[in-house]
Amino acid sequence: MREASSRRLRLPRGEGAGAWLCAGSVALSLLALLALLALLTVRGLGHFWPSPVELVVLEDGRQLAGERIREVPLARGDGVERLYRTGNRDLDGDRWAWVRVAAIEAVSHPVDLVVLERRRWGQAIGRLAAFQAASGERIEGEAAWAALEARLDELTALRDARDRLREEVILPLAARRGDEGLADGELTAAHGRLRELQAAMAGGRLILDTADGDSLSVPLEQVLGARRPNAMSTLDRLAAWGEGVWRFLSEGPRAANTAGGVWPAIFGTVLMVMLMSILVTPFGVLAAIYLNEVAHQGRLTRLVRIAVRNLAGVPSIVYGVFGLGVFVYGIGGRLDRWFFEASLPSPTFGTGGLLWASLTLALLTLPVVIVATEEGLARIPDQQREGALALGATRLEMLSQVVLPMAAPAMLTGVILAVARAAGEVAPLMLVGVAKLAPQVPVDGDFPFLHLERKFMHLGYHIFDAAFHGGDVQAAMPLVYATALLLVLVILVLNLTAIFLRHHLSTRHGALTRR
Amino acid sequence: MLDSPPPTAVRRRLRQGRDRLATALITAGGIGVIAALLAIGIFLAVEVVPLFWPTGDSSAISPEALWGVGEDAGEAADEAIRHRWAPTASLAPGETPRISLAPLAWGTLEAAAWALAIAVPLALGAAAHSSLFMSRRLRSRLKPTLELMEALPGVVVGFVAGLVLAPWVERHLAEVVACLVLLVPGLLLAGGLRSWLPAPWREALPLGWAGLWLVPWLALVLAASVWLAPWLEAVAFDGDLRRFLELRLGLDIAVRNALIVGAAMGFAVMPSVYALAEDALSGVPASLAEGAQALGATRWQTLWRVVLPAASPGIFSAVMIGAGRAVGETMIVLMASGNAALMTLNPLDGLRSLAATIAIELPEAGPGGMHYQLLLLAALALFVFTFLVNTLAELVRTRLRRRYQRLGGGS
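Which chain is which? The protein sequence lines are A and B, in order.
Just so we're aligned: 478 in our numbering is position 236 of the first sequence, and the numbers increase by one with no gaps anywhere.
Just so we're aligned: 1029 in our numbering is position 265 of the second sequence, and the numbers increase by one with no gaps anywhere.
Pulled out of the complex, with its shape left as it was, chain A reads as follows (with noise of 0.2 Å):
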């Protein structure tokens, strides 16, 4: 007794401190989370925005230029190194450099310095020193950039146009040429056009002047595009931020994806969790309907549904595992001794591919959908099923005209949160499907216009490929960290909207209960 109202007294303001660490424990998993959502975003967004040049002069009379990136304190505490992203790989084979900050003497922001985006090779940084029109007319000094910059903009409007003819023109001509022979000449004044918009683009080149004296000469169309940072204003600035991040959305990776954009990406994950959720929905749905509706709710059935409750928690590269011994090697091995005896030596459906994929990923969301909708298909009165019957309908039409349309929220939950976790699995895509780089998107011109069996490029996969597998890290982590940024999103999105229907769902049912 005296030990407990001693206790009492000596508690009489708080908790104790087992309850400031329980707390604390809430804060430092919301702190968690948070920085690893600011480090992507920062980092992620951070990476498109034009930083400015550098132009160093060391020590030892030597220069360069280059964006600062980061510094790195020496080992014992000999000062600091900084790495600068200086391009011109094809000159020193590097495009880094670390210089220890006690060397440098001086750091300016000249306005001069261009920061060419190219096609092979990656950045250049330099001084212009000339540009050489096609016509072989040569502009030096000022008069220069102000050329470079509208050549630039007409190849960029060139491109566009030949784009264009080629989409809209000569590839439903060439559709077309089959039945009616018609369509012969004016798909030959198409070509003729077309020669004349690469006519119009060849030629041309730059030269730039590096900052260690060296000179590069760049022919036109491998330039993506040219930028003075140091002259940019924050207004120009926040355009080219604009225009990196669509150009990183629409384009596809250059340079073993260390450069470029994620579309192929983007459009496999999407067309792959599509065709997953059309596979997943009416089985899924079906299985619940059988579960809850249908079977006889005894022991067996109580089992087989913590079984299948089970099947969620099991790891989902077991699924992969599955998926690669009886979709490809199985079913797709014997497909390829049916069908395509032709061309068996190299594998058609034998290997990973979309459709294999798609239906790994439904498996290994099909319990998803099926706890999610037999929770919803539970929550409904039984009165509902009885009065549905007792005014005589049978068990199909009540199932489709009262209980379904009643679980459609639930159901949709079950969908979205498949897909949610669909678009984030990575480990069984490696075994049935994923390619690092697909030269072909799975959708196209040639029928049967989407091709199951190809091979196709995931946002997931992108990430663990260009920061794992990748000859320069260092060069892919921006895009890195711009891809799983995007991933995060997508799926905050899908989980965001998952939860707001179950909570719609919640408020309109709550009343609603089993008996």
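Don't read these hints as lab results, they were simulated from the structure.
Nothing here was measured: the structure is a model prediction, and the numbers come from that model.
Ideal Cβ placement from N, Cα and C applies to all residues, glycine included.
Every clue listed holds true.
With the Cβ distance kept under 7 Å, some of the chain A side facing chain B (calculated, not the full set):
no., residue
1, LEU275
2, ALA529
3, THR636
4, LEU638
5, ALA662
Starting from the structure of chain A, add chain B where the hints point.
Frame of chain A, contents of chain B only:
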């Protein structure tokens, strides 16, 4: 009117026929889908059998070889050599293949253990706080937030752990140690400081919202410990923690090590443990807690003496579910562990898990070969382990729910 009976009869028969057909289809479809799901285990078991069943062209593998206690076990072979996973290594004639799954199983369990060591205290603390102290509004916001945390893809967590956290930790070992040391005192300091604040301030910082307003405080504490780290390193670790660990304690330090994996996977596993533990704690009949508080117990005492014992089976099942997830997680381990098949107790060494091994090696292993079957055996082991653990957790939870109903007539 007169001729109405025959059409109704026909229509009724038609309706009933359609109904019977639909029921049969649903039954067939439902059973088919569930059978396809359950076929996973059967497929793995069937494919693995030939490993232990000698056929014409392949000899069976002895179970001892899988655990690395084969013929050379008697020799004074080095522990690290004896347990080795090198199924593709070219062999001299007469040599037995190194196919010990022991280091992989060890790596899996080690990673899972570290993940749980980080996730379980965090999750249980958070669950206790949110079921007892937290304001209702914050709680209804916190649950979906942590669900979002659970939905973060493993690749992203693995990438951040392997390529951002691991190199940072390697360069800032002392800072990490300082953070760990100062975390708990920092939190207690917050509680102490709050009780000394004038009343209006104290009311502005209620315990119910502590989960939120402690976030900036924690950031501050962590920043302070990073700032204090060089001093700590100089005083306690002879000025260089890395050398101290290597020389005094004999620990090798790998960039991507078990602790990094544990931290990342703990982060990933924590929300699911939290969700289940919170369910168990808030499902305890209110009458129990109210009775304890009416007898004069504080809320903390109520939690510790009444609610926690009542909910302990639920918490056990939450931890089990977390263990199942941690054992099967692939991408985080693959990206954050370095994938070296080592068997050491050193948490600063790398590891290689079963799941990561499957992901790396299965695409290269030809179907039907021994390597392929071994990897399938690993998958079967994962399947059986997680299935059993989840079933156990589910059974415990079902019984707990019944107990709650008996105790308090439902929550």
